[in-house]
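2 protein chains.
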Amino acid sequence: MADKELQKRHKPAAPLSEPMRGIPGFFYDLKPAEPQGANSLQVERAKATFDSSKMTRFLFTNYLGGIVNEVQDVLENDETFSKENRYYMGRSERFLDRLKMDSKFAQLARELKWDDARRTMGSLLIDEPGTFSLHTGMFMPCLNSQGTDEQSKYWLGLAHNYRIIGCYAQTELGHGSNVQGLETTATYIPETEQFEIHSPSLTASKWWVGGLGKTATHAIVMARLITKGKDFGPHAFIVPIRSLENHKPFAGIMVGDVGPKMGFNCVDNGFILFNKYRIPRDHMLMRYSKVDKDGNYSAPPVQKISYGTMIFVRAYLVASSALALARGATVAIRYSAIRRQFTDPEASKNDEVFQQYVPQNPKLKCETAVIDYSLQQYRLFPIIAQSYALHFSGFWMLRIYMKMMKNMNDGNMDLLPEVHAASSGLKSLTTTIAAAGIEECRRSCGGHGYSLFSGLPDFLNTFLPLVTLEGDNHLLTQQTSRYLLKQLRKYKQDPSSIPKSDGSTTKYLGAMPTKSWTAAKTEADLQNPLILLEAFAHRSQRLVIELATKMAKGQVWNDSLIEMYAISKAHCQYILLKNFVHAAYHDKRAAANEVAPVLVTLCVLFGLSTMESELSEFVEDGFVSQKQTVWLRAQIKKSLAAVRPNAVALVDSWGIPDYVLNSALGRYDGKVYESMFEMALKEPLNVNARAHGDVVEGYEEFLKPLIQRGLSSDDKAKL
Amino acid sequence: MADKELQKRHKPAAPLSEPMRGIPGFFYDLKPAEPQGANSLQVERAKATFDSSKMTRFLFTNYLGGIVNEVQDVLENDETFSKENRYYMGRSERFLDRLKMDSKFAQLARELKWDDARRTMGSLLIDEPGTFSLHTGMFMPCLNSQGTDEQSKYWLGLAHNYRIIGCYAQTELGHGSNVQGLETTATYIPETEQFEIHSPSLTASKWWVGGLGKTATHAIVMARLITKGKDFGPHAFIVPIRSLENHKPFAGIMVGDVGPKMGFNCVDNGFILFNKYRIPRDHMLMRYSKVDKDGNYSAPPVQKISYGTMIFVRAYLVASSALALARGATVAIRYSAIRRQFTDPEASKNDEVFQQYVPQNPKLKCETAVIDYSLQQYRLFPIIAQSYALHFSGFWMLRIYMKMMKNMNDGNMDLLPEVHAASSGLKSLTTTIAAAGIEECRRSCGGHGYSLFSGLPDFLNTFLPLVTLEGDNHLLTQQTSRYLLKQLRKYKQDPSSIPKSDGSTTKYLGAMPTKSWTAAKTEADLQNPLILLEAFAHRSQRLVIELATKMAKGQVWNDSLIEMYAISKAHCQYILLKNFVHAAYHDKRAAANEVAPVLVTLCVLFGLSTMESELSEFVEDGFVSQKQTVWLRAQIKKSLAAVRPNAVALVDSWGIPDYVLNSALGRYDGKVYESMFEMALKEPLNVNARAHGDVVEGYEEFLKPLIQRGLSSDDKAKL
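Protein chains in written order, with this note's numbering: chain L, 648 to 1366; chain Z, 648 to 1366.
The shape of chain L in the complex, shown without the other chains:
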């Protein structure tokens, strides 16, 4: 039953069946050379040691399955949401196509009375940043959290029904991470009870604002509040920017699109300049700070509550990184099981497909599947392990975030510093891991990874801004390190403050430092994730202590940034492994679904390969011995071999629909080559040429004069 439901996610393939005008008949008789991709995947799936549909249920809990199918059915059966032409569109086309989709989606969601879960699933399935993303993702939440009750009610009512379309304008052309450095001003004019929004320079222009360029009617603008001659720093204002009558920008502003980007080209990221532009006083969002009629300013007592949204977004990005990496791995692993190159009988000794072809019919050459080369496994299997690691920590982040918010509503702020530190460091680490991993997956597909049809380039380019957005991945590590240094100091001064609970992420900082990895007595001990975890705790603790010592001796903040980056990474890798161990050993649902053993295998690979990639930090203080590094490298090979039979099933477990993958290389049924051809035939250069006798536009103008220069028709006939 459940299996069938999961199967539904993958659309049945009927490539190349319908004859196209101008395609010669012989083409339709061709098939890929043996063995067929479908055959290879079938064999791979049969040899898994666990049930991938049970893993899906373990990863996502049951209920999601139904929603995926329900929403996907609607979208796949509506022309508007077809992805068939996505890879061929230029920027303007793609923007317009997306606008059309957004408009239709808003209508559908209303008609079908979709709840938030279904709407979210819809965006995930459409899988493209939308022109309205910031309307629902930033504009509305910001109104909700920063507006007074009256403001929220009024504006949210309009926004909910798309009477107005909003965006969130904070970043400026010359100012990003440093919000206090923003230049745009909002000066209060008591005479008219208005604010005058103004851009004093070119660098003050708002920039990168999603949905502002061409779509939004209103913007929440962060501007320095100035009243009675005093500058109170950035505050939020609702600013109408385009007429609701005819969508023309109002006088006194200059608004437009910031131009083409690596990805996100379906979104109109915009700029806006204000020239003494007036808005009414009640357009300032006044839940916390207020300006009265006379221009008197009052500030809120505490503003810690605003950390909540920031932490939530970061936690969400950790979970998103997991899914992004899983998607890269899905494409690369499936294709690696199908793609064959060179013949190495030793490497193929466990490949049933290879064995079927070679001995029985030596004339039917069978090459080795690239997944059977050890270097390909070494590149890709740790990425599978990472995707699971990121998933468990993503869910942990969301759980701990909710716990924190509950506590905070009860007035208990205790969890905030720890959760803030973990969310900053993990956002940095996991988006970095995912971006690197997706690109590695792409390259591991060889030449075809460069084609948009692989499904990876476009997707990677959409993911990439996450290493910069919501806190630059390098800057963010200072947040985490600052916290760790502070905890170390605290634990030293007051040992009773050292956390008792194993749930704490910083308990290890208070432990007695160890000198060597005595727990790893034999090579087999390296297959024990708890012993690995001990090494990660030691390394992170040592790095924090060393930096604390340097700074105590006078090393200034700016000279410590390199160490801070290392510390944050070390701490967060420890958290990732810790949460993975928890999922594999302590989550009862893992046992119930019979996936615990394969999770342990994967957890060990994650620990070992992460340790290897950071090995110097484990070795340089003598903690990990020379002999243990030799064990480590040997055990990695052992772990790769252990993962091998489950590789395809482990990526299948994510249950990512073909509709999302949009990939010739990664499709569930393995029809890689048929699909590459099908997609190539739809390339507009081909379609347009076929409409003109298969001659390219531009031939008469640019090629013919070159080829036929000064030739008589006799000459031409000879060639």
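These are computed hints drawn from the structure, not numbers from a lab.
We put the CB at the ideal spot given by N, CA and C, even for glycine.
Fair warning: there could be bad hints in the mix.
[Said to hold, decoys possible] Label-pair distances were calculated between CB atoms; the ranges are: (1) Z/1151 - L/1137: 25 to 33 angstroms; (2) Z/1203 - L/1161: 37 to 45 angstroms; (3) Z/927 - L/672: 19 to 27 angstroms; (4) Z/1200 - L/1161: 32 to 40 angstroms; (5) Z/991 - L/847: 22 to 30 angstroms; (6) L/1154 - Z/696: 49 to 57 angstroms; (7) L/878 - Z/676: 17 to 25 angstroms; (8) Z/878 - L/686: 24 to 32 angstroms; (9) L/1199 - Z/1161: 35 to 43 angstroms; (10) L/1337 - Z/927: 25 to 33 angstroms; (11) L/672 - Z/878: 22 to 30 angstroms; (12) L/1337 - Z/1203: 46 to 54 angstroms; (13) Z/1238 - L/1192: 44 to 52 angstroms.
Guided by the hints, dock chain Z onto chain L, whose structure is given.
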């Protein structure tokens, strides 16, 4: 004098001067907030300790300067070669635009009688893969090297004048690196003295062939030669594919474009399928292998000569990687000197610009230039050092290649294995380094690095295929390792075979293995590149010996691929450092141009940062001690500080013209923000909207119904 010549490369900037229709007047009064970028760069240039124009002459030798200006003048003054719209074009547009350029370039080059150097400079300046690239880069050289004298004369005569346009069709949909696995056949038919070219399956389709999709009239096709029932493997055939009369593809073939890619979208990479397609016997390229009228096959005695082209291409890619990385660094370093973010007086203590603003006028806020944050230096300065390292090894490769070819023409093949091994490993390492470095440069530009206007995304996407082309970067390392293992065995068996010359890349394999880094006695010793080089030699030797030992004990080839990748990298990092040391210490032109001291600084940074990035391999056998790793990290900080005053001058030295950079962030004059705006205003979404009252296309259809649903005009007026 020479300075002026170099200055000419950078086009004078006049951004935003001409009023555009629909842009409000207040816009033209705005300037970026102080300090201006031009000011920051001026201060940076003034504090350099060497003359960047002398460095340019040292890097490229004098004569290039003249050619750059000469060719650039022609191109910049011709509308056809304008890059103004490059970032806005969709695929079909861009292909057509490129075709137009290619056609015009061919005409210009003929009229102006440009020699090969000027033609090459032209392509470098146009800086976009061309539809004719493979015509001149592969088709013609292949005719030259593989055709008989008669064939060469006939076909090259036509090709040289673009009477025919050629491409090189080797890779197939299902077959890349393994040339022996190609499926396309060329069966000899003695009755008609013809070859029948045939694609037996879908995977046999040629794929990725540059220029084939829409442009080429002829293809050199690699197909399995079958005669008298015997398969002699892949051979080269000239195959006419499109009519010279009307450019229509001939019957019996199916040809088209393979679709959109990450980059190279101005090139029509193509596919082709043959259905029993006949060509005359004399269309087989017969300089080496031959088939006579009766179908008798004769093969050449040796074919080692064909390694020449392959090695040349790889050597060329090493040099190209240097320039690519230098370009990334140019953009990132200049922008980092201009971009300011947060205020850290400690970090800005040596920044004259900061000091001017802050103490004299505390009201004029001045933030810290991001180049002054230690983490930014740690990310970027090693990339500057790498670009120089790659450059010296690229030139070394070209020199040693020419020496080898000279020897081979004299019948001496001795150098071939060493040069082949070095070229394989270096191609792999340097293209990997450059791809990673360019992306790091892009990310270090923060949000604006994501805009195409940064000049980095499009350029990176064009560079990326080099990690796969001409030998996949992972596969290639087997070539290098195989050679190193062989040399080790040889030196062991016959110590007299150990090279005596310091020019040898493998002499270190024959040295007595050392146990620890005794040469580094004090922290200051780590500033000595020769002492660093010793450590690199030890590490590579140790890794080769360890793998040899494992394989002697029975570890099979497939289980050794991970170690082989590591060995090739270690060996090539040793070569990179070795050649850098040579350039800094032994190249008389470095001393003559007074650039030796700054090169030494850079060489040390290259050695130290490379060692740090691979530290575990230096530490895990106890060679580098715990104390030495502490020194290492401290000395890296010292090196970063030493490079700091020269950072901008070091990237200026590459002399990359603004015409090539095509970057708002990296332009020579520092007008970053003016340029970002200027480019944004030309975005077609803006241009098209401005033509319609600044209302976006799609408003009436997709936005208005949503916004105004069920509203009366009274309601609307209220909003």
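Going down the list of hints, with the structure as the test:
1. Z/1151 - L/1137: 25 to 33 angstroms: 58 angstroms, violated
2. Z/1203 - L/1161: 37 to 45 angstroms: 38 angstroms, holds
3. Z/927 - L/672: 19 to 27 angstroms: 26 angstroms Cβ-Cβ, so the 19 to 27 angstroms window holds.
4. Z/1200 - L/1161: 32 to 40 angstroms: The hinted range 32 to 40 angstroms holds for residue 1200 of chain Z and residue 1161 of chain L, with Cβ atoms some 34 angstroms apart.
5. Z/991 - L/847: 22 to 30 angstroms: For residue 847 of chain L against residue 991 of chain Z, whose Cβ atoms are near 24 angstroms apart, the range 22 to 30 angstroms holds.
6. L/1154 - Z/696: 49 to 57 angstroms: At roughly 50 angstroms between Cβ atoms, residue 696 of chain Z and residue 1154 of chain L fall inside 49 to 57 angstroms, so the hint holds.
7. L/878 - Z/676: 17 to 25 angstroms: 23 angstroms, holds
8. Z/878 - L/686: 24 to 32 angstroms: 25 angstroms, holds
9. L/1199 - Z/1161: 35 to 43 angstroms: Holds: the Cβ-Cβ distance is about 37 angstroms, inside 35 to 43 angstroms.
10. L/1337 - Z/927: 25 to 33 angstroms: 29 angstroms, holds
11. L/672 - Z/878: 22 to 30 angstroms: 28 angstroms, holds
12. L/1337 - Z/1203: 46 to 54 angstroms: 50 angstroms, holds
13. Z/1238 - L/1192: 44 to 52 angstroms: Holds: the Cβ-Cβ distance is about 46 angstroms, inside 44 to 52 angstroms.
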